[in-house]
Amino acid sequence: MKKLLILGYLIHLLLFTIFSYFFVDPNLIYLRNIYTGFAFDYRGITTFIYSLFILSFFVFYFLFLKLAGKKLLNQKDLIILVAITIISLFFSYPALVSYDIFNYIATAKVSFYYFENPYLIMPIQFVNDPLLLFMQAANKTALYGPFWILLTSFPFILGVGQFLITLFSFKLLILAFYLLTLYLIYKVSKNTEGLILFALNPLVVFESLVGTHNDIVMMFFAIASLYLFKNKKMLFAAIFLLLSIFIKFATIFLIPVFIYLLIQKINKKEVNWDKVFLLASISMFTIFLLSSFREEIYPWYGIWFLVFIPFIKNNFLKGFYLSLSIGLLLRYIPYMYLGTYFGPTPIFKIILMLIPVFLFLIYKVIKIGINSKIVGKF
Amino acid sequence: MFAKHKFIIVIIIFLFCVLTSSAFAKSEYVLPYPSTMPGSIFYKVSLVKEKVMQYWYFGNFGQFFYNLKQSDKYLVEAKTLFEYNQYLLGFQALQKSNKYFLKTKPYLIKAQSEGKDISENSNMLSDAALKHAEVLTDLEGQLPESFVWTPERDKPTNLNLKKTIEESIKIRERYL
Numbered sequence: 001m002k003k004l005l006i007l008g009y010l011i012h013l014l015l016f017t018i019f020s021y022f023f024v025d026p027n028l029i030y031l032r033n034i035y036t037g038f039a040f041d042y043r044g045i046t047t048f049i050y051s052l053f054i055l056s057f058f059v060f061y062f063l064f065l066k067l068a069g070k071k072l073l074n075q076k077d078l079i080i081l082v083a084i085t086i087i088s089l090f091f092s093y094p095a096l097v098s099y100d101i102f103n104y105i106a107t108a109k110v111s112f113y114y115f116e117n118p119y120l121i122m123p124i125q126f127v128n129d130p131l132l133l134f135m136q137a138a139n140k141t142a143l144y145g146p147f148w149i150l151l152t153s154f155p156f157i158l159g160v161g162q163f164l165i166t167l168f169s170f171k172l173l174i175l176a177f178y179l180l181t182l183y184l185i186y187k188v189s190k191n192t193e194g195l196i197l198f199a200l201n202p203l204v205v206f207e208s209l210v211g212t213h214n215d216i217v218m219m220f221f222a223i224a225s226l227y228l229f230k231n232k233k234m235l236f237a238a239i240f241l242l243l244s245i246f247i248k249f250a251t252i253f254l255i256p257v258f259i260y261l262l263i264q265k266i267n268k269k270e271v272n273w274d275k276v277f278l279l280a281s282i283s284m285f286t287i288f289l290l291s292s293f294r295e296e297i298y299p300w301y302g303i304w305f306l307v308f309i310p311f312i313k314n315n316f317l318k319g320f321y322l323s324l325s326i327g328l329l330l331r332y333i334p335y336m337y338l339g340t341y342f343g344p345t346p347i348f349k350i351i352l353m354l355i356p357v358f359l360f361l362i363y364k365v366i367k368i369g370i371n372s373k374i375v376g377k378f
Numbered sequence: 379m380f381a382k383h384k385f386i387i388v389i390i391i392f393l394f395c396v397l398t399s400s401a402f403a404k405s406e407y408v409l410p411y412p413s414t415m416p417g418s419i420f421y422k423v424s425l426v427k428e429k430v431m432q433y434w435y436f437g438n439f440g441q442f443f444y445n446l447k448q449s450d451k452y453l454v455e456a457k458t459l460f461e462y463n464q465y466l467l468g469f470q471a472l473q474k475s476n477k478y479f480l481k482t483k484p485y486l487i488k489a490q491s492e493g494k495d496i497s498e499n500s501n502m503l504s505d506a507a508l509k510h511a512e513v514l515t516d517l518e519g520q521l522p523e524s525f526v527w528t529p530e531r532d533k534p535t536n537l538n539l540k541k542t543i544e545e546s547i548k549i550r551e552r553y554l
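These protein sequence lines are chains A and B, in that order.
The numbering used here puts the first residue of the first sequence at 1, with every later residue one more than the last.
The numbering used here puts the first residue of the second sequence at 379, with every later residue one more than the last.
Since the hints were derived computationally from the structure, they do not count as laboratory data.
C-beta: ideal position from N, C-alpha, C; glycine also.
Careful: at least some of the hints might be erroneous.
[As the list claims (entries may be wrong)] Partial list, derived from the structure: chain A residues whose beta carbon lies under 10 Å from chain B:
1. Leu15
2. Phe19
3. Tyr21
4. Asn117
5. Leu120
6. Ile121
[As the list claims (entries may be wrong)] List time: in silico PhoX-like cross-link candidates among lysine-lysine, alpha-carbon distance up to 25 Å:
7. Lys70/A - Lys313/A
8. Lys140/A - Lys447/B
9. Lys232/A - Lys187/A
10. Lys140/A - Lys422/B
11. Lys488/B - Lys140/A
12. Lys187/A - Lys233/A
13. Lys187/A - Lys318/A
14. Lys140/A - Lys190/A
15. Lys318/A - Lys190/A
Model the full structure from these sequences, guided by the hints.
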């Protein structure tokens with residue numbers, strides 16, 4: 001049964017990888033030979049297939065969690081599951097629903113090919129660059145921190161000026177940080193079930209291994225910082241937190257957690273690490289919510305708080321975060337179907353994001369009601 | 379009677395052509411607001427910032443923008459100082475503006491040699507040159523030909539304002 005489930009998951013991942021190529025941009029000259037235009041010509045079917053994939057991703061996820069809960073999924077199984085996930089999705093097309101990877105490559109090109117300051121010079125300044133044909137933020141200077149730009153020098157150099165090699169080198173960088181994060185989470189939590197909760201979460205898998213977002217890199221350095229603090233390496237902890245902030249700035253919201261840790265340290269009090277991780281997740285959830293004031297809540301921002309899920313003991317919060325992770329992946333549906341960011345799209349995005357959260361809350365309320373009735377009877 | 383009307387129509391057409399063509403000649407390039415002026419404590423800070431920013435604006439396009447930005451800043455500074463009859467300071471600011479303006483084009487040429495498309499930045503430089511020339515031409519009409527600046531307990535300095543402004547305009551005309 002378990003083997004069959006893993007095989008089914010592998011087939012599902014491979015099919016999803018094929019599906020991702022339905023979204024190849026018409027202007028992406030490097031993939032012209034496999035361009036079908038399917039996702040743009042058949043929006044209804046594409047949206048339906050995407051919804052089915054999201055559903056099946058979560059079905060597999062909850063089945064694996066159930067098996068892990070019954071101690072039927074061991075560490076070796078988890079390694080196999082992670083391995084098939086990263087190998088299958090490494091070959092997926094990354095710009096399925098977000099073009100961020102092209103922005104990363106463009107910023108790296110401005111910095112390490114044109115040798116210009118990406119915080120001053122926009123990619124659009126390089127009029128004849130082929131990246132301008134398909135990237136969507138050519139008129140913006142670098143959006144990310146300097147440490148991220150520095151890190152992107154590795155995949156950019158590894159790409160030897162070939163777009164497709166560069167693209168997959170960027171995927172490799174994110175994949176490496178995904179694995180490093182898993183390793184670190186396991187090292188801190190020593191809990192396989194908790195690790196599955198994060199490692200196979202469809203939002204984490206989709207946004208890191210398909211969408212290739214750098215949020216996993218930022219959160220790796222944040223977790224590493226907490227890990228170093230736990231091991232009394234204060235200076236390195238501070239450096240790693242700074243590095244994390246200099247990737248995407250959001251982890252600046254972890255500074256209060258570090259202040260709390262420092263106060264505990266100065267007062268020579270025992271640190272309650274469960275409380276620390278809970279505070280960290282709430283802190284990152286706060287910045288996640290605040291991001292709606294800047295632009296909008298992007299699905300991959302969910303990684304900011306989901307990374308703490310293996311350490312959280314509170315089942316309600318775990319359930320809340322998981323239901324939100326479902327809702328975040330549903331946010332892509334309105335644009336996928338309507339093909340516009342305007343009109344009813346924004347409101348549908350919010351509604352779809354909140355439906356799983358409301359269902360979870362209703363479920364919790366009903367459960368509390370049933371429990372209190374049972375208690376009342378006795 | 380008809381000849382009189384014809385004459386008026388010709389005059390109107392002539393005026394229309396002359397006035398509209400002079401409007402088209404104006405540059406739409408926008409110069410910055412005047413920043414801190416010499417004498418202010420913040421002026422020294424701005425000088426330090428100017429030096430530091432030179433390294434922040436790395437790359438040939440970066441250096442082009444940096445030098446153009448500084449040239450704009452000092453031109454506005456010179457104009458403001460001249461308007462307040464601070465001729466020596468205005469004169470020095472104009473010389474700095476010229477120095478920075480002269481550095482712009484070489485960076486664009488370097489960028490071009492690296493294979494970068496410089497057409498848009500070249501257009502920007504032409505627009506800037508036109509705007510600078512407009513400002514300088516206005517100033518030329520307002521300032522005395524020369525001025526002897528006599529500071530307290532120091533030797534007087536003869537400032538050949540007209541000649542300097544004419545040279546400044548020539549520098550800009552090179553990049554038009």
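Quick one, are Lys187/A and Lys318/A close enough, alpha carbons at most 25 Å? holds, 20 Å
Mind checking the CB of Tyr21/A against every CB in chain B and telling me if the closest is under 10 Å? violated, 32 Å
Holds or violated: Phe19/A as interface residue toward chain B, Cβ cutoff 10 Å? Because about 38 Å separates Phe19/A from the closest Cβ in chain B, which is outside the 10 Å limit, the hint is violated.
Ile121/A was flagged as interface toward chain B. Is the shortest Cβ-Cβ separation under 10 Å? Ile121/A check passes; min Cβ-Cβ to chain B is 5 Å, inside 10 Å.
Does the nearest C-beta of chain B fall within a distance shorter than 10 Å of the C-beta of Leu120/A? holds, 6 Å
Verify the proposed pairing of Lys232/A with Lys187/A, using a straight-line Cα cut of 25 Å. holds, 15 Å
Mind checking the alpha carbons of Lys70/A and Lys313/A for me, to see if they're no more than 25 Å apart? Holds, at roughly 18 Å.
Does the alpha-carbon distance linking Lys488/B and Lys140/A stay inside the 25 Å limit? holds, 24 Å
Between Lys140/A and Lys190/A, does the CA-CA distance stay at or below 25 Å? This hinted pair is violated, its Cα atoms lying about 42 Å apart.
Holds or violated: Lys187/A with Lys233/A, Cα cutoff 25 Å? holds, 16 Å
Given Asn117/A as an interface hint, is the shortest Cβ-Cβ distance to chain B below 10 Å? With a closest approach of 5 Å, the Asn117/A hint holds.
Chain B contact restraint for Leu15/A - C-beta distance below 10 Å: violated, 43 Å
Hint check: violations occur at hints 1, 2, 3, 10, 14; the rest are consistent with the structure.
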